[in-house]
Amino acid sequence: MAALSDSPLVFLRQAPAQRLSPPAPRGGAFGWLRANLFSSPGNIALTLLCGLFVAWAVPPVLRFFLIDAVWSGSDRAACLASPQMPRPGACWAFVRVWFSYFVYGFYPIGQRWRVDLFFMALAFGVAWLAWLSAPRRGTGAVYFFVVLPILSIILLNGAPLVGLVRVPTSLWGGILVTVIVATVGIAVSLPLGIILALGRRSKIPVVRLFAVTFIEFVRGVPLITVLFMASVMLPLFVPERFAPDKLLRALIGVALFASAYMAEVVRGGLLAIPPAQFEAAQALGLPYWRTIALVILPQALRVTLPNIVNIFIALFKDTTLVFVVGIFDFLHAIEAARADPKWATPNTSVTGYAFAALFYFVCCYGMSRYARRVEARLARAHRR
Amino acid sequence: MTDAIQPSPRNARRVGNIALQFAVVAVAGGLVYAAVVNAAQNLAHANIASGFGFWNNTAGFDISQTLISYSASTSTFGRAFWVGLLNTLLVAGIGIVLATVLGFFVGIARLSRNWLVARLAGGYVELIRNVPLLLQILFWYNAVLRSLPELGDSVPLRGGGFLNNRGLFLPRPEFAQGFGAVVLALLVGMVAALLLRAWARRYQKRTGTPIPILWFALALIVAPPLVVFVLAGAPLSFSFPQVGRFNVMGGVEILPEFAALLFALSIYTAAFIAEVVRAGVLAVPIGQTEAAQALGLRSATTLRFVVVPQAMRVIVPPLTNQYLNLIKNSSLAVAIGYPDLVQVFTGSVLNITGQAVEVVAVTMAVYLAISLFTSLLMNLYGRTVAVAER
Chain D
1 MAALSDSPLV
11 FLRQAPAQRL
21 SPPAPRGGAF
31 GWLRANLFSS
41 PGNIALTLLC
51 GLFVAWAVPP
61 VLRFFLIDAV
71 WSGSDRAACL
81 ASPQMPRPGA
91 CWAFVRVWFS
101 YFVYGFYPIG
111 QRWRVDLFFM
121 ALAFGVAWLA
131 WLSAPRRGTG
141 AVYFFVVLPI
151 LSIILLNGAP
161 LVGLVRVPTS
171 LWGGILVTVI
181 VATVGIAVSL
191 PLGIILALGR
201 RSKIPVVRLF
211 AVTFIEFVRG
221 VPLITVLFMA
231 SVMLPLFVPE
241 RFAPDKLLRA
251 LIGVALFASA
261 YMAEVVRGGL
271 LAIPPAQFEA
281 AQALGLPYWR
291 TIALVILPQA
301 LRVTLPNIVN
311 IFIALFKDTT
321 LVFVVGIFDF
331 LHAIEAARAD
341 PKWATPNTSV
351 TGYAFAALFY
361 FVCCYGMSRY
371 ARRVEARLAR
381 AHRR
Chain G
1 MTDAIQPSPR
11 NARRVGNIAL
21 QFAVVAVAGG
31 LVYAAVVNAA
41 QNLAHANIAS
51 GFGFWNNTAG
61 FDISQTLISY
71 SASTSTFGRA
81 FWVGLLNTLL
91 VAGIGIVLAT
101 VLGFFVGIAR
111 LSRNWLVARL
121 AGGYVELIRN
131 VPLLLQILFW
141 YNAVLRSLPE
151 LGDSVPLRGG
161 GFLNNRGLFL
171 PRPEFAQGFG
181 AVVLALLVGM
191 VAALLLRAWA
201 RRYQKRTGTP
211 IPILWFALAL
221 IVAPPLVVFV
231 LAGAPLSFSF
241 PQVGRFNVMG
251 GVEILPEFAA
261 LLFALSIYTA
271 AFIAEVVRAG
281 VLAVPIGQTE
291 AAQALGLRSA
301 TTLRFVVVPQ
311 AMRVIVPPLT
321 NQYLNLIKNS
331 SLAVAIGYPD
341 LVQVFTGSVL
351 NITGQAVEVV
361 AVTMAVYLAI
371 SLFTSLLMNL
381 YGRTVAVAER
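Sequence order for the protein chains is D and G.
Taking our numbering, I'd label the letters of the first sequence as residues 1 to 384.
Taking our numbering, I'd label the letters of the second sequence as residues 1 to 390.
One should not assume that every hint holds.
To be verified - Sample of chain D residues at the chain G side, in silico, Cβ under 8 Å:
1) Asn43
2) Gly51
3) Ile204
4) Met229
5) Gln277
6) Gln282
7) Leu321
8) Ala357
Hints listed in this document are in silico derivations from the structure and should not be mistaken for laboratory results.
Cβ coordinates follow ideal geometry from the N, Cα and C atoms, glycine included.
Please put together the full structure from these sequences, using the hints given.
If you want it as structure tokens, here you go:
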């Protein structure tokens, strides 16, 4: 290197260098298009291909569900092809006529205010728990896990003592049953899942064995077989006069199934808590259960809240399976309505399924957005 | 010397633990005992037999899709069980392959730098993941496949098949004598190709010179069976399906129930696999790609030797979970009447025999066994993709 630095300069620029043209603009709509859609020949081809696909697929769908759709009418005649409407689209009139059936099932019409009241009480409880900075969330938990269940049973099942007529569960149906199965599933599986998760980490061999066996067994079999077990085997295992009614059996099956998955999620949360927390609590002299209840669980559940919501989403979708053991949930109501000869048109099925898909999509997508928001919030809290 | 009198807290806890264990065992034992006594009483009351004596009785019901020979009048419940199990394995096996291919494709598409491609893939994932599988199965079955043309208006397919609302009918290959030799030639070709690859790898390790063997290996696989096929006088013919007045004769029938279940399962699981793949690829630090590019590797080579091996490590465990979910979800077949294990066994057999305990227990045991076996296979595979740590 020394030789290089010692050598005399042989070149000195005399005139300014030639001016370069400015670089292509990167910002703006054009720059964005260029960067994201047309950055290379391959990308241009892909964009065109996808654009063609969208142009081919989207207009007919919009046409079917919105533009050509039939919005009102009292029977199938409105949704059949006619000279005025050679190619009718989705038959929303069918959904409108059957709507109250989709929500309440066969619940007596005069008593449906009770269901509405239940929905409101539930929405209130969910909002209280889901809003992370709501006041007095402890009271909210008590309301959700203690007050609400008792209130719901009195409201929906009826209590002659307070002047509410009894409504047998065989009359419940539609979205009401879907919501009940999902909420009971989550409300039972959370405490049960916590106990199972603690049991799985317990130092007592027998307890650990029970927890592990239960969790792994339930996670290894399909929900349908658990539901079959609940609906055909459960009545065998109790004395005949105590045989639980059909809905209750399905609820037990769903709750047991969900608690195994919940246990694994809670265990994930427990693993995220540093052992020093436990040791510190013990050093302060807290006994085991108070350590768990006051130190470990509040942190673990907070960390794992997004996963709990994800379990709830899966559970909400899985409620459709109670259909198989003859419970009248929302999907079952759609299936029943679809078969109504008064509304037999080529588009009735598609419309019914589209409506159901819309309902489930809105609920599940909403919940997953919520889970993501909570996750982002937690990530913010952990960043220092 | 108060120590000797007071039990230490340690001992107290140990005694408590033992007491707790006894209590747990006692409560569980009591529950099981009560359940057994009640079940025996209830079964006796309803006049239902117990035990597996029914296994060898004649089944007496028909099954719409049987991979092994089965007839309602002579076959036993045990045979029906195997028919159902094979149907479950068939739909789950094909479903896993399709879901993996589609899922990897969508997962990669979601990571594309092309905005439109990424958005389309994202829309697919969000839409499919948030709609219940059962609804999708019913949609494919009732709204799509059931609205295909009736038997009389069957759609003829190119090559001699038919499509109508009773299923898809394809020509059935009939293997004449000598076809075994073709299969044998194919196997020999494959083994030769594998040996060639192993040799090329060893050579590259020793000398550093890669040998391009792709085309030669392909030729090794394709050519021998073709030659043998021609030499043996083309020992293959097709029996074409014929549309009769009431049904379709001959050919291979693919039931609409099977197709609906397969579509729904693969499309649904693919959405989840896409998320798994995306997470796996994102888990590889960007520095790995940059380092590979700094070394002068091309993007395809970077993918193959740097990104994919590291991503697979992250992908395999959740992928296993998705496979298990697909297998378990195939039990939804019962909703549309595809004769899988649950439909045949906990459906027909349970209804005929009434032996709920045995039937449900066997079904659960089978799913447990399949789950354990699949986890085992995937764990073995996971070990091959795991990074050797020093």
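These are the hints, each one checked on the structure:
{"no.": "1", "hint": "Asn43", "result": "holds (5 Å)"}
{"no.": "2", "hint": "Gly51", "result": "holds (7 Å)"}
{"no.": "3", "hint": "Ile204", "result": "holds (5 Å)"}
{"no.": "4", "hint": "Met229", "result": "holds (5 Å)"}
{"no.": "5", "hint": "Gln277", "result": "violated (20 Å)"}
{"no.": "6", "hint": "Gln282", "result": "violated (12 Å)"}
{"no.": "7", "hint": "Leu321", "result": "holds (6 Å)"}
{"no.": "8", "hint": "Ala357", "result": "holds (5 Å)"}
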